[in-house]
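If you're matching them up, the sequences are chains A and B in order. Quick note: our numbering has the first sequence finishing at residue 861, numbered continuously throughout. Quick note: our numbering has the second sequence finishing at residue 323, numbered continuously throughout.
Quick caveat, the hints were computed from the structure, so don't treat them as lab data. No experiment lies behind these values; they were computed from the predicted model shown. Treat the hints with caution; some may be incorrect.
[What the hints assert, rightly or not] Simulated pairs of lysine-lysine, DSBU-like, Cα-Cα distance not exceeding 35 Å:
(1) Lys721/A to Lys705/A
(2) Lys762/A to Lys310/B
(3) Lys251/B to Lys762/A
(4) Lys607/A to Lys548/A
(5) Lys762/A to Lys207/B
(6) Lys638/A to Lys251/B
(7) Lys96/B to Lys797/A
[As the list claims (entries may be wrong)] Over 12 Å on every C-beta distance to chain A, these chain B residues come out as not near it, computed from the model:
(8) Gln114
(9) Thr138
(10) Val142
(11) Leu234
(12) Pro252
(13) Glu278
(14) Asn294
[To be verified] Counterexamples of contact, computed for chain B against chain A with all Cβ distances above 10 Å:
(15) Arg173
(16) Thr199
(17) Asn228
(18) Ser235
(19) Arg253
C-beta atoms are modelled at their ideal positions from N, C-alpha and C, and glycine is treated no differently.
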Amino acid sequence: MLIQIAWRNVWRSRLRSGIVIAAIAIGLFAGLFFMGFSWGLSIQRVDSAIAGEFSHIQVHNPGWKEDHSTRDTVTGGMALIREIQQRPSVKAASARVMNEGMFTTARGATGIQIHGVEPEEEIALTHLNETLVEGQYLDSARGTPILVGKSLAEKYKLRLRNTVVLTFQDASGHVTSGAFKVSGFYQTVNAKNDQSKVFVKRSDLQALMGMDAEVHEIAILLQNPDSVPEVQASLVAERPDLKVETWKELAPDLRLIVDAVGSKMMVFMVIILLALGFGIVNTMMMSVLERTRELGMLMAVGMNKLRVFLMIMYETVFLTMVGAPLGMFMGWVAIQYFGKKGIDLAAFSEGLSQYGFDTMIYTALTPEFYIQVAVMVVATALISAIFPAWRALRLKPVEAIHSL
Amino acid sequence: MSVVKLSNVEKTYPGVQPVHALQAVSLSVEAGEFTAIVGPSGSGKTTLLNVIGGLDRPTSGQVWVNNTDIVSLSDNELINFRLLNIGFVFQAYNLIPVLTAAENVEFTMLLQGRSKTERDSRVAELLGEVGLADRKNNRPGQLSGGQQQRVAVARALAPKPRFILADEPTANLDSASATTLLDIMAELNRREGITFIFSTHDNRVIERARRVITLEDGKVISDVLNSQSAAS
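Chain A with its partners taken away, still in its complex shape:
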C-alpha cells in the first residue's frame, strides 16, 4: 500500500507533477539529442578520416616519420602488401609513393603533397573514385593523369585537361619535374586536405622519382575496427624493422575528438540532471511541507519513520521515472530519425569543411550511452529524494498534526 499511496500522491497535484515530469522528459530529450548530434558529428569525422585519410593502420619506414625523406621506403613493400591483402581480417590495402613538392599552373604555384597511388587499390581502400565531382578517375585517363582538389582547382582556375607541373626531389635527391594532365577534380568533406593534396598514378611517380617497386606507405583498412590492435601486433611481430601505427597514433587529434566528445556529452548531461534534480527537490519539498499535518497523522496512527521515508522516496522516484523513460524514448526516436534522414547543415558548410566535418550530420548514440544516462537518472532521482524524505522524518507528529 505504501507504493500505492506514493503513486497516488504523485498525481494529487496533476499540474505541478505534470510540469516536473514534462521538464524531466524535455530535459532528457534535449540532452540525449545533443549527445546524439555530438556523437554522430565526431563519429562521422573519425569515420571519414579513417576512410579517406588514415585507414585503420599505416606502415612506414621508421625514418619516414622524421623528415619524410623519399629514401625512407618500406623495404619489400610490394611483397608485403600482397601478403597483407591476403589476410582475411583485411578489407583493403594500398601501397603509396609519397612526395612533397611544388604544384605549378599557368596562374601560380603552391606547395603540395603528392600521393602516387594504384587506382584499383585506392578504389577499394578510400573510394577515391567516388569523390570525383568532375572528370575521369586515374584508371580510365590516358597519359599522366592527376586528380586535383576542387578547391585548389578553383583557386588556380584550372580546367580539365589543363597541364600542371609537379616539381620535387627524386630518390637520389635531385630536383625533377613532371607534367601531368588534369583528369578530374575531387572533393571531400575536408576542404583543407583538398587544397594540399593531389593524386597521381603510383607507377608515374615511381618512374619520375627513379624508384623501382618501392613504396613509402602501406595503408590498411580492416574488416572489423576492433581487430586493429591484434593486426598491428602481428605486423610488428612480422616486420619489426617497420613502424606500424594505428589511426589513433597517426591522428591523436581524432582520438581526442572521440574521448573529449564522450566526456563533454556526459558533463552536459550531468548539468541537465543537476538542474532537474533541483527542480525535483523543490517540488517534493513543496509536497512534503503542504502535507505536514497528513504526515504527522500517519506517524500518529502508527506509520514508522522508515515507512514515511520510503513513501517520500517512492514519490520522488515515481515522479522522475515517469518523465525519464518518456524523455529517453523521445530522444531515441529523434536520434533514430535524424540518424537516417540526417540534419542538413549546408548553411555552415564552409566552417565545417575547414575542420573536416560533413555538412550532413547523422545523429548516433551507442547503447552504452543510453545505459549510462539511465543510471545517472536513477542516481538523480534517489539523491533528489533524500532531502525531502529526511525533512519528512524530522516532523514531530504532535507539531505536524496541529500545524495549519
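Knowing the structure of chain A, use the given hints to seat chain B on it.
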C-alpha cells in the same frame, strides 16, 4: 483494570515565559470508560490527550498505558506502541486523501501486517458499523464531514486498540452528523466495551460521557461521574 494511568504529570513549553500546560496531573482511566476531558481553551485538554497518546512527552511525571511506561519508549517504539494499542480520532478528520474509505480503514491493519482476509472482513464490519458500507469506494473528498469522521472512527477501531483518543471529534460537524457519530461511539462502547477518551467543548459529548474530567490552567479541578449521561 486501568488502561491509562498518569502520575504527577507536568508539561512545560519553554520560552521567555514558560507555559505550564499540565501541572501535577494524576488520574487513571479504567477499561470501558466513556470519558470527556473538558475545560476552556488553553486549559491543557489537547496536551493531556497528546501525552496519553504518546504523541508528546511530559516534562516530568509518569504515564502508563496498558501497564507500559510509555515515557521510557523511544520514538520508533512509541510509534509501534500507538499502532498496537491506541486509536486516534482527530478534530480535522485527517484521513489519507488518496485512499478510499475502505483503504483508509484498512491502512493501520496493513501497518500491523494483518492478513488480507482478516483486513477485508474487518473493513466490511467496521464500515457497516459506522453506516458507510455503501461509500467504501469513495475518497475522503467525496464524503461529507460527518461521513469522514465516521471513517476516521472506523480507522481508529480497525487495529483493535485498547482505547480511542478523540480530540474534539465533533468540533467541525453539524448537529445531525455529531449526533450520529456520538451514537455510533456510544454503541461501540456499550456493546464492545471500547474505552473512549474525548477532549471536547461540545455539550452533546459532555452529556453522554459517564465521567467528566475538568481542566483549568493545566490542573485537574474536577473529576466526576456523570450519572445523567445518555451513555449510562
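Hints versus structure:
The hinted pair formed by Lys721/A and Lys705/A meets the criterion: a straight-line CA distance of about 19 Å does not exceed 35 Å. A distance of roughly 33 Å separates the Cα atoms of Lys762/A and Lys310/B; the hinted pair therefore holds under the 35 Å criterion. This hinted pair checks out: Lys251/B and Lys762/A have alpha carbons roughly 22 Å apart, not beyond 35 Å. Restraint check for Lys607/A and Lys548/A: the C-alpha separation of about 28 Å stays at or below 35 Å, so the hint holds.
With a CA separation close to 24 Å, the supplied pair Lys762/A and Lys207/B stays within the 35 Å bound. Note on Lys638/A and Lys251/B: the hinted pairing is violated, with a Cα-Cα distance of about 104 Å set against a maximum of 35 Å. Straight-line distance between C-alpha atoms of Lys96/B and Lys797/A comes to about 79 Å, which puts the hinted pair past the 35 Å bound. Distance to chain A confirms Gln114/B as a non-interface residue, since its nearest Cβ pair spans about 19 Å, more than 12 Å.
Annotated as non-interface, Thr138/B brings its C-beta within 12 Å of a C-beta of chain A; the closest such distance is 9 Å. Once the 12 Å rule is applied to beta carbons, Val142/B is inconsistent with being away from chain A; the minimum gap is 9 Å. Listed as a non-interface residue, Leu234/B keeps its Cβ farther than 12 Å from every Cβ of chain A; the least gap is roughly 16 Å. Separation of Pro252/B from chain A is inadequate, the least Cβ-Cβ distance of about 10 Å not exceeding the 12 Å criterion.
For Glu278/B, the shortest C-beta to C-beta distance to chain A comes to about 23 Å, beyond the 12 Å cut-off, and the non-interface label holds. Every CB of chain A lies more than 12 Å from the CB of Asn294/B, the least distance being 24 Å, so the non-interface label holds. Residue placement check: Arg173/B does not keep its beta carbon more than 10 Å from all beta carbons of chain A (closest about 5 Å). Consistency note on Thr199/B: stated as away from chain A, yet its beta-carbon is not over 10 Å from all of that chain's, at 6 Å minimum.
Listed as a non-interface residue, Asn228/B keeps its Cβ farther than 10 Å from every Cβ of chain A; the least gap is roughly 14 Å. Every C-beta of chain A lies more than 10 Å from that of Ser235/B, the closest at about 19 Å, which supports listing it as non-interface. Even its closest Cβ contact with chain A, about 14 Å, leaves Arg253/B beyond 10 Å, as expected for a residue assigned away from the interface.
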